[in-house]
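Position chains B and C relative to chain A; hints supplied.
Protein chains in written order, with our numbering: chain A, 1336 to 1585; chain B, 399 to 651; chain C, 3 to 84.
Honestly, I wouldn't trust all of these hints.
Unchecked claim - In silico lysine to any residue, SDA-like type, Cα no more than 25 Å apart, as pairs:
| # | chain 1 | residue 1 | chain 2 | residue 2 |
| --- | --- | --- | --- | --- |
| 1 | C | K79 | B | I540 |
| 2 | A | K1356 | B | L414 |
| 3 | A | K1505 | A | I1458 |
| 4 | A | K1582 | A | V1499 |
| 5 | C | K81 | C | L21 |
| 6 | A | K1505 | A | M1404 |
| 7 | C | K81 | B | M430 |
| 8 | B | K469 | A | N1380 |
| 9 | A | K1356 | B | F446 |
| 10 | C | K79 | B | M430 |
| 11 | B | K434 | A | I1339 |
| 12 | C | K79 | B | K469 |
| 13 | A | K1422 | B | L532 |
| 14 | A | K1356 | C | L5 |
Derived from the structure by calculation, the hints contain no laboratory data. Treat the numbers as computed from the prediction; the structure is a model and nothing was measured.
Spelled out from the first residue to the last, the chains are:
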Amino acid sequence: MKWISLVPVLAVGGLLLFAAKDFPEWGDPQSPASSSPVSSHFINNTGVDTEVPNMVTAVLADYRGFDTMFETVVVFIAGVAVIAILKGSGRRRGGLRKDHEVEAEPDLIVTNTVRLVVPVIQIFAFYVLAHGHVSPGGGFQGGVVMGASFILLALAWDLDHALVRMSLPKCIIIAAAGIILYGGIGFLSMLLGGEFLDYAELEKVLPVSREMARYHAMLGVEIGVGFTVTSIMFALYANLSSEGRLKGGL
Amino acid sequence: MFEDGTVLNELLVERLNYFIYVVLLLIGLHAMIAKKNLIKKLIGMSIFQTAIILFYVSISVKEDATIPIYKPEHDPHGEHTYAQNLDVNSSNSEMGAGHGPVALQSAETAQYANPLPHVLMLTAIVVGVATLGLALALCQRIYQGYGTIEEDELLNKIERADARTSLSPLAKAKSSRKLSNRNSRKSVLEETGKEKTKGVASMRATTGSKQKSSAPKRKAIANPSQAKPRKPVAQKPSGKKPGGSSKPNKGSA
Amino acid sequence: MGLELFNTFILLLLVVAALAALRIRDLITASAVFGIYSFLMCLLWAEMGAVDVAFTEATVGAGISTVVLVATIFNLKRKSND
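Extracted from the complex, chain A is given alone in its bound form (with noise of 0.2 Å):
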């Protein structure tokens, strides 16, 4: 019975080794994707128009920011599902529950590093979607470092540790208010004369010129990205780690 599964996957492998045989060269700088105008209008003038050093920040925030938003909206979504699918089916029952399941102090060795290295790993996560500019980074990379700073702290104490500090209602509030950050920045540009996310409208209320207007909305449009990703991946982590019970360790 397995083998017949082969067939589709052979089939499939077949069609594209032999559409990879077209394919350009490897590295080939003149190769359709890599000489479309588009690619290259964005290496080129994206200094021009933005200021900003780093092109796939301002690709990602500014020339392609319609769609980075509703990526935002997904993962928001995404977030709220897993929620709702997991909120009130976590009751106990019985012998169902897991055998490796202790419960225990949590350890002194863990939690005092954990103590140490937590402020570290959010400090570096604003560090990288401040800097993304001008370096590999973005709202995307420090939201899932921050994340991760509040999940560390769950694995170290348990669950109940960090949502006193990120409490789920929180997260669902903090994601909401970073997609509407982004949505209003989109809305102040257009108040101001100009099409939705069309950030360099903008230097009329800040006091730089349009191509640094668009260079600060990018950060805060990153800032709005990093916000909801947060709370989405601690609240993914925090539903998922409990059945949705909210409390105790992993």
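Below, chains B and C alone, put in the same frame as chain A:
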């Protein structure tokens, strides 16, 4: 075998990235189709996803190109830019019209990797983990309902739950009204009655209560998956093994 | 040449890691191996010049998704039948 021009050389030496991307994609696809465990399926799905991302990133590579972050000489805030501007108009270099970087020429474009596929894939990764979390939540919910995440056991249980719910609502609906005036139903009813006595006692208790009020009846019909796990719970005191909710069922099957 | 060797090595290791993650029956070990797979992928992308993607994969793929997988498996049956 690996001389220039042969197909193998093409695939394995010059385009190893493309080859490996296809292999990884097939591994993921095969896992999604053939593996019975839902978590294994999800791992396969993630491998499939990373394979596609690998393909996109491979496309963006350029020979002798650097990462898509401006080098110092092209950096809009680099010293280089300001130094040039100071030469042009030294008085108002900060806000002057001549300020700022210039667009790159096409020769310089080739120095940077293509940023567009990177952007597309960056968001895909984050959305990927969010959807993975959603799928895992569904897995947990399935495990709570059925006590297993193996696909074949799951199908067995669903079939049996379906069989039971398709019999018992029939039995209770017909038995309350048409028992007296339809003789042809009798044989069916006897069967279901036998099934009921053989089956769970709690089931009969719920059917009894259902005849009194309509609200619990609707609930029981609407989600058989909810009614199902009640059985292992009822059996739990007799079978003392923890975590083995599926075992009593398997034994009785 | 050195980079090419590195590239080839990681590509082959990737296939090994992917197969291992799917063969291993203990699901927690499988998700740990999947973390290794993600991190190898991250190395490969960093080598190919996609630093932002590599960073994201290092944090998300090797970090969060492994943790989330392990957290889920703790609430499920740990053994897999295949």
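Going down the list of hints, with the structure as the test:
1. Taken as a hint, the C/K79 and B/I540 pair is honoured in the structure, with Cα atoms around 12 Å apart against an allowance of 25 Å.
2. Restraint check for A/K1356 and B/L414: the C-alpha separation of about 12 Å stays at or below 25 Å, so the hint holds.
3. A distance of roughly 21 Å separates the Cα atoms of A/K1505 and A/I1458; the hinted pair therefore holds under the 25 Å criterion.
4. Taken as a hint, the A/K1582 and A/V1499 pair is honoured in the structure, with Cα atoms around 11 Å apart against an allowance of 25 Å.
5. Of the pairs offered as hints, the one joining C/K81 and C/L21 holds, with about 17 Å between alpha carbons and a cut-off of 25 Å not exceeded.
6. Between A/K1505 and A/M1404 the alpha-carbon distance is near 21 Å, which keeps this suggested pair within the 25 Å criterion.
7. A hinted pair counts as satisfied when its Cα atoms are at most 25 Å apart, and C/K81 with B/M430 qualifies at roughly 18 Å.
8. At most 25 Å may separate the alpha-carbon atoms for a hinted pair to count; B/K469 and A/N1380 meet this at roughly 14 Å.
9. For the suggested pair A/K1356 and B/F446, the alpha carbons sit about 21 Å apart, so the restraint of at most 25 Å is met.
10. For a cut-off of 25 Å, the pair hint linking C/K79 to B/M430 stands: about 19 Å separates their Cα positions.
11. Distance check on the hinted pair: B/K434 and A/I1339 sit about 14 Å apart at the alpha-carbon level, within 25 Å; holds.
12. Under the criterion of a C-alpha separation no larger than 25 Å, the hint pairing C/K79 with B/K469 is inconsistent with the structure, at around 51 Å.
13. The straight-line distance between the Cα atoms of A/K1422 and B/L532 is roughly 13 Å, inside the 25 Å bound, and the hint therefore holds.
14. A distance of roughly 24 Å separates the Cα atoms of A/K1356 and C/L5; the hinted pair therefore holds under the 25 Å criterion.
Violated hint: 12 only; the structure is consistent with all others.
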